[in-house]
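Chains as they are written, first to last, in the working numbering: chain H, 1 to 285; chain L, 286 to 654.
Some hints could be false.
In silico DMTMM-like cross-links for lysine to aspartate or glutamate, where the CA-CA straight-line distance does not exceed 25 Å [to be verified]: (1) H:K178 - L:D360; (2) L:K470 - L:E457; (3) H:K178 - L:E387; (4) H:K60 - H:E70; (5) L:K489 - L:E387; (6) H:K178 - L:D303; (7) L:K306 - L:D355; (8) H:K178 - L:D355; (9) L:K416 - H:E175; (10) H:K178 - L:D345; (11) H:K178 - L:D340; (12) L:K359 - H:D174; (13) H:K178 - L:D362; (14) H:K178 - L:E445.
Hints are computed from structural coordinates only; laboratory data are not their basis.
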Amino acid sequence: MFKNLTVGRALVYAALLLMAIYYLLPLYVMLTTSFKSLDDIRAGNMLSLPQAWQGGAWVKAWAEACTGVECNGMQGFFWNSIKMTLPAVAISTILGAVNGYVVSMWRFRGSDALFTMLLVGCFIPFQVVLLPMAQVLGMLGIANTTTGLVLVHVVYGTAFTTLFFRNFYITVPDELVKAARIDGAGFWTIFLRILLPISGPIFVVCIIWQFTQIWNDFLFGVVFASGEAQPITVALNNLVNTSTGVKEYNVDMAAAIIAALPTLFVYMVAGRYFVRGLTAGAVKG
Amino acid sequence: MAALSINNVYKTYANGTDVLKGIDIAIEDGQFLILVGPSGCGKSTLLNMIAGLDDITSGDIEIGGKRVNDLSPKDRDIAMVFQSYALYPSMTVRQNISFGLEIRKVAQAEIDATVNRVAEMLQITHLLDRKPGQMSGGQRQRVAMGRALARNPSIFLFDEPLSNLDAKLRVEMRTEIKLMHQRLKSTIVYVTHDQIEAMTLGDKIAVMKDGIVQQFGSPQDIYDNPANLFVASFIGSPSMNFIPATVIQTGSDIGVKICDDNGCVVLPLPHDKTKLAQFVGQEVIFGIRPEQITDARTAHREGLPVMSCHIDVIEPTGPDTLVFVSLNNTKVCCRTHPTEAKRPGQSMELVFDVSKAVLFDPKTEARIV
Ligand SMILES: Nc1ncnc2c1ncn2[C@@H]1O[C@H](COP(=O)(O)OP(=O)(O)O)[C@@H](O)[C@H]1O
Ligand SMILES: [Mg+2]
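The shape of chain H in the complex, shown without the other chains:
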């Protein structure tokens, strides 16, 4: 490995190492702090390892910490986020796939205009849709519910997922669809039997993107869901800001890691497909 180590190369490695440390250091501090006792935190250096490893902060963060008036920890809100994220990711991805298929393969009068409108959807800032969205949710009677949040994320996310799938399907030769039509396949058969089986890479990209967007969202969560229905990001904020005497950094850190865990997990499982999927054409040769 060190056989070809030139000065230039050594510099590159050094720079990379520095970057890695820069990005990993906060994670390290969070992890070690979450396992320290409060005394340990006050006494020691931020970078030191815990004198005694303690899981108490984790238990408290999960089940007992106060997030406002309630003192049930993060657990309920973790499930809120799961209940919000999974359906929202699934629905927006499926809608995006079908939209992308229609826009790229079944040109109709105004299909380009439709796609442009969807594309504009990607550039609308969150803040712009807040008030109209609140009105719609109120009219539908799903304000302050997880269902309402799912709807918001599906509406907002479909613009992105459509773009992803459209850009993927545009690389599939039209002749494939023509051949299938001549073979007698209809709209859904072509989608399900010919395009879906080659869509793996773009599904991975879309799911990772949507999952992290929706799981990490704070603004929609804080505006459209409060109290019982709030997602974990909002709960984390409340937990950190609810001060009853001393600041429990260990609990805060544990709670933050709990909130970040699912996205970390998704990246670790599917991260390497992400880059591959972003650069993959649909059909090779």
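Assemble chain L with the ligands onto chain H, guided by the hints.
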């Protein structure tokens, strides 16, 4: 099998481009029709219209005597082979071939039998369990043909099926397609921009340009009697020579005046005198194919006009040597016997077989004689 007739078909795309401007073509059951023309002339568009993949703007298309304008592709009883082959990437060869049959709810036993029969015929049995990504271009091409054959349609449509193959394979597949046609006696519409494919495969050729059929006829007829300068230049390789020349009457003979460094001669034309007489004194384009200007040994006929010409370049091709001379300041290609061709810089006696020469109007480019 079925006859095909295309009557006055127009196609204007939504963005306003007129792609087809009144196409009229009719072929009989079992005939091999070639649509040939330069890229962008509307060949694929016309083929898509026949397939029903896109609507025609006006006109009629009939397959087997039945008007199919409003039928969807799957109800037209056609099969198509695409330039990119369009094999379903996630399916094996077997699944690719059986897909259309499955959708048409053919019994499984019959599907299996058909797949095996087609695979054997195209010698792709050993590939049946491969996916398209694991095959060479030539193999994919065969599978694409297999998929079309399995359906046993009344008309086969081919859109430049060989253009992605290398030269050697292209010639081989050309012969195989011809054999297949002779064996199955199927009606075929075949799009190509390659005039050699057009000449070798077709029973009938439609030469297209700018959405208009320039000429429709048998390959030999189109070669010998091109309707206009475009057709004459497009069909034949090396291309026909087009020499600007003046029509001149000497006594009862009417001919064209041809000059080179050594001097001028008048080549008398044996064509219809009353027609020729109208153009005396006028500038025309004298069209003559390379094999009609040759050495005395190859010409093998007495009484043809001869001219001594100064040779610019020679190109030996093996069976014959192309000799390039300059006539009326135009580069002219002559096909001569290799042993008879002289060297560049020398002069050579060239025999002009004017019986098949043609004349075009220099302005309209229409055939006049
Ligand atoms: N969907 C379309 N919309 C607008 N113009 C098109 C469309 N498809 C093809 N054309 C135009 O029609 C012309 C003929 O195309 P095509 O039939 O593919 O030519 P060829 O197969 O002879 O090369 C081209 O100029 C092309 O740009
Ligand atoms: Mg084409």
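Discussion item. Hinted pair, alpha-carbon criterion (25 Å max): K178 of chain H, D303 of chain L. Please report holds or violated.
Written reply: holds (22 Å)
Worksheet item: Do the alpha carbons of K178 of chain H and E445 of chain L lie within 25 Å of each other, as the hint requires?
Response: The hint holds at about 15 Å.
Worksheet item: If you draw a straight line from the CA of K178 of chain H to the CA of D360 of chain L, is it 25 Å or shorter?
Response: The given pair, whose Cα atoms are some 14 Å apart, holds under the 25 Å limit.
Fill in: Pairwise hint evaluation, E457 of chain L against K470 of chain L, where the allowed Cα distance is 25 Å at most
OK: K470 of chain L and E457 of chain L at ~20 Å, within 25 Å.
Discussion item. Check the hint pairing K178 of chain H with D340 of chain L against an upper bound of 25 Å on the C-alpha distance.
Written reply: holds (14 Å)
Discussion item. Between the alpha carbons of K306 of chain L and D355 of chain L, is the straight-line distance 25 Å or under?
Written reply: holds (20 Å)
Practice prompt. Below or equal to 25 Å on CA atoms is what counts here, so check K60 of chain H against E70 of chain H.
Written response: Measuring from Cα to Cα gives roughly 13 Å; hence the hint holds.
Item to complete: Measure nothing beyond the straight line between the CA atoms of K178 of chain H and D362 of chain L; if it is 25 Å or shorter, mark the hint as holding.
Response: holds (14 Å)
Worksheet item: Are K178 of chain H and D355 of chain L close enough, with their CA atoms no more than 25 Å apart?
Response: holds (17 Å)
Worksheet item: Regarding the pair K416 of chain L and E175 of chain H, is the alpha-carbon distance no greater than 25 Å?
Response: holds (18 Å)
Worksheet item: Straight-line Cα separation of K359 of chain L and D174 of chain H no greater than 25 Å?
Response: Holds - the C-alpha atoms of D174 of chain H and K359 of chain L are around 17 Å apart, at most 25 Å.
Worksheet item: Holds or violated: K178 of chain H with D345 of chain L, Cα cutoff 25 Å?
Response: holds (21 Å)
Hint 5 from the list above is the single one not met by this structure.
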